[in-house]
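Trainee: Make the full structure from the sequences, and use the hints.
Chain order of the listed sequences is X and Y.
By the numbering used here, the letter at position 187 of the first sequence is numbered 187, and the numbering carries on one by one without gaps.
By the numbering used here, the letter at position 257 of the second sequence is numbered 623, and the numbering carries on one by one without gaps.
Source of the hints: derived by calculation from the structure; they are not laboratory data.
Hints may contain errors.
Straight-line C-alpha distance at most 20 Å; calculated SDA-like pairs for lysine to any residue [said to hold, decoys possible]:
{"id": "1", "chain 1": "Y", "residue 1": "Lys550", "chain 2": "X", "residue 2": "Lys318"}
{"id": "2", "chain 1": "Y", "residue 1": "Lys550", "chain 2": "X", "residue 2": "Thr179"}
{"id": "3", "chain 1": "Y", "residue 1": "Lys638", "chain 2": "Y", "residue 2": "Gln675"}
{"id": "4", "chain 1": "X", "residue 1": "Lys184", "chain 2": "Y", "residue 2": "Glu521"}
{"id": "5", "chain 1": "X", "residue 1": "Lys208", "chain 2": "Y", "residue 2": "Glu521"}
{"id": "6", "chain 1": "Y", "residue 1": "Lys550", "chain 2": "X", "residue 2": "Gln185"}
{"id": "7", "chain 1": "X", "residue 1": "Lys184", "chain 2": "Y", "residue 2": "Gln551"}
{"id": "8", "chain 1": "X", "residue 1": "Lys184", "chain 2": "Y", "residue 2": "Ala542"}
{"id": "9", "chain 1": "Y", "residue 1": "Lys574", "chain 2": "Y", "residue 2": "Phe605"}
{"id": "10", "chain 1": "X", "residue 1": "Lys184", "chain 2": "Y", "residue 2": "Thr545"}
{"id": "11", "chain 1": "X", "residue 1": "Lys184", "chain 2": "Y", "residue 2": "Gly546"}
{"id": "12", "chain 1": "Y", "residue 1": "Lys684", "chain 2": "Y", "residue 2": "Lys714"}
{"id": "13", "chain 1": "Y", "residue 1": "Lys550", "chain 2": "X", "residue 2": "Glu155"}
{"id": "14", "chain 1": "X", "residue 1": "Lys184", "chain 2": "Y", "residue 2": "Val515"}
{"id": "15", "chain 1": "Y", "residue 1": "Lys565", "chain 2": "Y", "residue 2": "Thr575"}
{"id": "16", "chain 1": "X", "residue 1": "Lys184", "chain 2": "Y", "residue 2": "Tyr571"}
{"id": "17", "chain 1": "Y", "residue 1": "Lys565", "chain 2": "X", "residue 2": "Ser140"}
{"id": "18", "chain 1": "X", "residue 1": "Lys184", "chain 2": "Y", "residue 2": "Gly572"}
{"id": "19", "chain 1": "X", "residue 1": "Lys184", "chain 2": "Y", "residue 2": "Pro552"}
{"id": "20", "chain 1": "Y", "residue 1": "Lys664", "chain 2": "Y", "residue 2": "Gln675"}
{"id": "21", "chain 1": "Y", "residue 1": "Lys550", "chain 2": "X", "residue 2": "Tyr267"}
{"id": "22", "chain 1": "Y", "residue 1": "Lys574", "chain 2": "X", "residue 2": "Glu155"}
{"id": "23", "chain 1": "Y", "residue 1": "Lys550", "chain 2": "X", "residue 2": "Lys199"}
{"id": "24", "chain 1": "X", "residue 1": "Lys199", "chain 2": "Y", "residue 2": "Tyr571"}
{"id": "25", "chain 1": "X", "residue 1": "Lys184", "chain 2": "Y", "residue 2": "Gln675"}
{"id": "26", "chain 1": "X", "residue 1": "Lys184", "chain 2": "Y", "residue 2": "Lys684"}
{"id": "27", "chain 1": "Y", "residue 1": "Lys565", "chain 2": "Y", "residue 2": "Gln675"}
{"id": "28", "chain 1": "Y", "residue 1": "Lys550", "chain 2": "X", "residue 2": "Gly206"}
{"id": "29", "chain 1": "Y", "residue 1": "Lys550", "chain 2": "X", "residue 2": "Asp282"}
{"id": "30", "chain 1": "Y", "residue 1": "Lys550", "chain 2": "X", "residue 2": "Gly180"}
{"id": "31", "chain 1": "X", "residue 1": "Lys184", "chain 2": "Y", "residue 2": "Lys714"}
{"id": "32", "chain 1": "X", "residue 1": "Lys318", "chain 2": "X", "residue 2": "Tyr267"}
Some chain Y residues close to chain X (C-beta under 7 Å, calculated; not the full set) [said to hold, decoys possible]:
{"id": "33", "residue": "Pro504"}
{"id": "34", "residue": "Leu505"}
{"id": "35", "residue": "Thr604"}
{"id": "36", "residue": "Phe623"}
In this text the structure is predicted, and so the values were computed from the model without any measurement.
Don't be surprised by glycine CBs; every beta carbon is placed ideally from N, CA and C.
Protein chains: 2
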Amino acid sequence: MKSEGNLETLKFSCFENLQLKTILLLVASLLVAAGCAAVFVNEPDAAMADRPAHHRADGTFVNTDGTAISKSFTDLLRWRWSRTEPDAMAFDVMEPDPEVLAQPVATQVTWLGHSAFLLQAGGKNVLTDPHFSERASPLSFAGPERIVVPPLSIEALPHIHAVVISHNHYDHLDEASLTGIYNKQPDNPPVFVVPLGLKEELVSYGIKTAVELDWWQSYTHDGMTLTALPVKHWSQRTFFDRNRTLWAGWLVDAGGFRFFHAGDSGYSDDFKEIGSRYPDIDLAAIPIGAYDPRWFMKDAHMSPEEAVQVYLDLNARKAIGMHWGTFILTDEEMDEPPLKLADALEAKGIDGSHFSVMKHGEVVQF
Amino acid sequence: MKSEGNLETLKFSCFENLQLKTILLLVASLLVAAGCAAVFVNEPDAAMADRPAHHRADGTFVNTDGTAISKSFTDLLRWRWSRTEPDAMAFDVMEPDPEVLAQPVATQVTWLGHSAFLLQAGGKNVLTDPHFSERASPLSFAGPERIVVPPLSIEALPHIHAVVISHNHYDHLDEASLTGIYNKQPDNPPVFVVPLGLKEELVSYGIKTAVELDWWQSYTHDGMTLTALPVKHWSQRTFFDRNRTLWAGWLVDAGGFRFFHAGDSGYSDDFKEIGSRYPDIDLAAIPIGAYDPRWFMKDAHMSPEEAVQVYLDLNARKAIGMHWGTFILTDEEMDEPPLKLADALEAKGIDGSHFSVMKHGEVVQF
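Mentor: Laid out in C-alpha cells, this is it:
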C-alpha cells in the first residue's frame with residue numbers, strides 16, 4: 001500500500017497547520033501592508049479633556065515625557081536580521097533554605113531570576129513579576145526560553161500576601177505562574193496589584209483578587225502599602241493592544257521597609273521625581289539588562305550606566321540589579337550586565353556594596 | 367510634562383512586542399525563503415528497513431496510501447486571500463441532565479460539539495477529542511474561536527474512565543481541557559489513549575496516564591478495549607513537527623458496544639479495511655464538516671457525500687456526523703454540513719435515521 005513515489009514533500013509546507021494559519025495570514029497581510037506604506041499618525045490635541053496627561057483620548061497610555069515607544073517594523077527587521085544572538089550561559093542557582101523562607105528573622109529579599117523577587121518584610125511576603133515557566137511567550141513551543149531554571153517552584157513558595165506586576169509583557173506577566181500562585185492559596189489568595197487596565201486580564205484567568213492602580217495611586221491592604229509609580233516603557237500582549245494597559249514601577253511599604261521595584265524602564269526623569277517624593281527608599285530593584293543594541297532598546301531599557309544614574313536619582317539606600325541573566329531577549333552577552341554595572345559604579349566612585357547583583361535563588365537580609 | 371507633538375506613532379508598529387518578535391521573524395524569514403524557491407524533496411527508498419509502511423525513515427508518518435498531506439505555502443495564501451469567511455451562527459445548545467449523565471440507564475452518547483463526545487457504555491465513560499476552551503489555537507488571543515459554547519463544563523462531567531485523542535491539531539488536542547480533566551480526578555485519573563508519538567506531549571502537561579498506540583494496536587483496560595485505526599490525515603502542532611506524531615481513528619469497545627470515532631480524515635480505502643476487520647460497529651462518528659474549498663481540503667477532510675460512503679464502507683449500524691457547527695475553520699457555511707448530508711443520504715436511498723446529526727449537548731440512547 002505504500003508508494004514512495006508519492007512522497008514529494010514541499011519544503012516550507014510545514015505551515016499548513018489549520019490552526020497556525022490565522023496567525024500566519026495576519027502577519028503576511030501586515031508585512032505586505034508595511035512594505036507598501038508607513039503611515040504616521042498625529043494625535044489630535046485633546047486640550048480640554050479631563051484626564052491625566054498620560055491617558056490618551058484613544059484609550060492608550062503614554063510616558064510622562066509624552067512618548068509612546070514605537071519603533072517601526074522596518075527597524076525591528078533591521079535589528080533581527082543583523083543581530084548575532086548571544087550564547088546561553090550557565091549560572092549558579094542557589095536553593096533557598098525553606099526554613100529561612102518560612103521564618104525570616106529579618107527583612108529579606110530572594111532573587112528568583114529576571115525581575116522576580118520574593119520580598120519578606122514586616123511579616124508579609126510579596127512577589128514581584130513572578131515567572132516560573134519555561135518560556136516568556138504566548139506560545140508554549142516558541143519564544144524566549146528560560147535559560148536558568150527558577151530557584152524555587154511555586155509549591156515551595158511560602159504563603160504569599162501580595163503579588164505586584166509591572167506590565168503585561170510575557171517576561172513579567174506569566175499566566176501560568178499567576179494562576180499557579182492563586183490556586184495554591186484557595187482560601188486566602190494574595191492580592192494581585194497591577195497597573196491600570198490590567199485587572200481585566202487577571203479576571204480572565206479566574207483571579208478574583210486583582211486591584212489596578214494608576215501612577216501615584218496607593219493601595220493599603222493587610223498592613224502593606226503598594227504604590228504605582230511612573231516609569232518609561234510600553235505595553236503589548238496581543239497583536240492589537242499596544243499601550244492599552246499601563247506600565248509601572250512599584251513602591252512596596254511593608255513593616256516600614258520601603259522596597260522600590262522599577263519594573264521595565266528606559267532612563268527618564270521619572271526617577272528623580274520618585275526620589276523626591278519618596279526620599280527614604282531602603283532598597284531599589286533596578287533593571288540592568290536587555291540594553292543592546294542601544295539604537296533599538298534605549299527608549300524601553302536602560303543601560304547599566306543609566307541604572308547607576310537611576311540609583312543616584314532615587315537616592316535609595318541600596319540597589320540590586322535585575323532583568324538580566326535569565327532569558328536571552330537582546331544582544332548583549334548574558335553575563336555582561338553586572339560587569340558593566342561594576343565599571344559604571346567605579347566610574348562614579350560608588351562602592352559596589354551599594355548596588356550589587358544577586359545569584360539566582362540568593363537570599364539577602366537587611 | 368506631556369508633549370502631544372511627540373505622539374507620532376507608526377502604524378504597523380504594533381508588532382514591537384519583544385515576545386512576539388521571535389514568532390514574527392520566523393514567519394518573515396520563511397516568507398522570504400518561500401518566495402525564492404520551493405524545494406521538492408524525494409525521500410530515499412528505505413526498502414529494507416524493518417518498520418511498518420507508514421513509518422518513514424526520517425521519523426515522520428504517512429497515510430496508508432503513502433501520501434504525506436502537504437499543500438504548498440503558495441496554495442495556503444491562494445486559499446486565504448481569495449476566501450470569504452462564513453458568518454458565525456447561533457445553534458441550539460441543550461444542557462444535559464446531570465442525573466442522566468450520572469446514572470445512564472442505557473448506552474448513551476452526548477455530543478459536546480465538534481469532535482467531542484461523551485460515550486457511556488458498560489458502566490464506562492469515555493471522552494473523545496475533548497475541547498472546552500475558547501479557541502482552538504496555541505494562542506489565547508488569536509486563532510479559531512469557539513462559536514458555540516460547550517454544553518458541559520469540565521466540572522459538570524461525570525467520572526471519566528478514558529479519553530481518546532485522534533491527533534494533535536488544536537481543535538482535537540486542547541491542553542487546558544486535558545489537564546482540567548486529569549486534575550479533576552487526582553486519585554483516579556482517566557487513561558489518555560493517543561496515537562503513536564503523542565504520549566510525550568501529554569507527559570509534558572503533567573499527565574502520567576497516557577498510553578500511545580500504533581494503527582491496529584489495542585489497549586485493554588478497566589473493561590474497555592481501545593484500538594487505534596488508520597485514517598487519512600496529518601499532524602502538526604508547532605512550526606517544525608509536521609507528521610512527527612501519528613493520527614488515528616478509534617474503536618472503543620465498552621460493555622460490548624462498539625463505537626468508532628473516525629477522527630479527522632479525508633476519504634480513503636482505510637474505512638473499507640476497518641469495516642472488513644470490524645464488521646459489527648454499533649455507532650460511527652464520522653466527520654462531515656470543514657470540507658470547502660475542496661481543492662485545498664480534499665486530502666484531509668471528507669465531504670458529506672464522502673462521509674456517506676464511509677458509513678457504507680464501514681457497514682456500521684448507525685452513524686453521527688461530527689466536526690461541524692462549532693468552530694469556523696473553512697469556507698462552507700456553519701449549518702451547511704447537515705443539509706448536504708441529508709441530500710447525500712437521499713441520493714443513496716438511505717433513511718436519515720441511520721446517519722444523523724445531534725444538537726450540541728444532546729444525549730442519545732442506544
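Trainee: For every hint, state whether the structure bears it out.
Mentor: The hints, checked one at a time:
With a C-alpha separation of about 47 Å, the suggested pairing of Y/Lys550 with X/Lys318 is violated against the 20 Å cut-off. Distance restraint check for Y/Lys550 and X/Thr179: the Cα-Cα separation of roughly 16 Å lies within the 20 Å cut-off, and the hinted pair is therefore satisfied. Restraint check for Y/Lys638 and Y/Gln675: the C-alpha separation of about 10 Å stays at or below 20 Å, so the hint holds. Taking the CA atoms of X/Lys184 and Y/Glu521, the gap is about 18 Å. The hint holds against a cut of 20 Å.
Distance hint between X/Lys208 and Y/Glu521 is fulfilled; the C-alpha atoms sit about 19 Å from each other, no more than 20 Å. Pair hint Y/Lys550 plus X/Gln185 holds up; C-alpha atoms about 17 Å apart against a cutoff of 20 Å. For the hint pairing X/Lys184 with Y/Gln551, the CA-to-CA distance comes to about 17 Å; that is within 20 Å, so the pair holds. Taken as a hint, the X/Lys184 and Y/Ala542 pair is honoured in the structure, with Cα atoms around 18 Å apart against an allowance of 20 Å.
Restraint check: the Cα-Cα separation between Y/Lys574 and Y/Phe605 comes to about 26 Å, which exceeds 20 Å; the hinted pair is violated. About 16 Å separates the Cα atoms of X/Lys184 and Y/Thr545, which keeps this hinted pair within 20 Å; it holds. Proximity of X/Lys184 to Y/Gly546 is assessed by CA-CA distance (about 15 Å); at most 20 Å being required, the pair is judged to hold. A C-alpha spacing of about 15 Å is found between Y/Lys684 and Y/Lys714, which places the hinted pair at or below 20 Å, so the restraint holds.
The hinted pair formed by Y/Lys550 and X/Glu155 meets the criterion: a straight-line CA distance of about 19 Å does not exceed 20 Å. Our distance criterion of 20 Å between C-alpha atoms is broken by X/Lys184 and Y/Val515, whose separation comes to about 28 Å. The suggested pairing of Y/Lys565 with Y/Thr575 holds, with an alpha-carbon distance near 9 Å, which does not exceed 20 Å. Of the pairs offered as hints, the one joining X/Lys184 and Y/Tyr571 holds, with about 18 Å between alpha carbons and a cut-off of 20 Å not exceeded.
Our distance criterion of 20 Å between C-alpha atoms is met by Y/Lys565 and X/Ser140, whose separation comes to about 17 Å. Using a Cα cut-off of 20 Å, the hinted pair X/Lys184 and Y/Gly572 holds, with the two alpha carbons roughly 17 Å apart. Using a Cα cut-off of 20 Å, the hinted pair X/Lys184 and Y/Pro552 holds, with the two alpha carbons roughly 15 Å apart. Of the pairs offered as hints, the one joining Y/Lys664 and Y/Gln675 holds, with about 15 Å between alpha carbons and a cut-off of 20 Å not exceeded.
Under the criterion of a C-alpha separation no larger than 20 Å, the hint pairing Y/Lys550 with X/Tyr267 is inconsistent with the structure, at around 48 Å. Of the pairs offered as hints, the one joining Y/Lys574 and X/Glu155 holds, with about 19 Å between alpha carbons and a cut-off of 20 Å not exceeded. A distance of roughly 27 Å separates the Cα atoms of Y/Lys550 and X/Lys199; the hinted pair therefore is violated under the 20 Å criterion. A distance of roughly 27 Å separates the Cα atoms of X/Lys199 and Y/Tyr571; the hinted pair therefore is violated under the 20 Å criterion.
Straight-line distance between C-alpha atoms of X/Lys184 and Y/Gln675 comes to about 52 Å, which puts the hinted pair past the 20 Å bound. Note on X/Lys184 and Y/Lys684: the hinted pairing is violated, with a Cα-Cα distance of about 47 Å set against a maximum of 20 Å. Among the hinted pairs, Y/Lys565 with Y/Gln675 is inconsistent with the structure: their alpha-carbon atoms are about 32 Å apart, more than 20 Å. A distance of roughly 17 Å separates the Cα atoms of Y/Lys550 and X/Gly206; the hinted pair therefore holds under the 20 Å criterion.
The suggested pairing of Y/Lys550 with X/Asp282 is violated, with an alpha-carbon distance near 45 Å, which exceeds 20 Å. A hinted pair counts as satisfied when its Cα atoms are at most 20 Å apart, and Y/Lys550 with X/Gly180 qualifies at roughly 15 Å. Annotation: proposed proximity of X/Lys184 to Y/Lys714 is violated, straight-line Cα distance about 58 Å (limit 20 Å). For the hint linking X/Lys318 to X/Tyr267, the alpha-carbon distance of about 18 Å falls within 20 Å, and the restraint holds.
Interface hint at Y/Pro504: satisfied, since its Cβ lies 5 Å from the closest Cβ of chain X, which is below the 7 Å cut-off. Interface hint at Y/Leu505: satisfied, since its Cβ lies 5 Å from the closest Cβ of chain X, which is below the 7 Å cut-off. The interface hint given for Y/Thr604 holds, since its Cβ lies 4 Å from the closest Cβ of chain X, which is under the 7 Å cut-off. Given hint, Y/Phe623 at the interface with chain X, is violated; its Cβ is 30 Å from that chain's nearest Cβ, farther than 7 Å.
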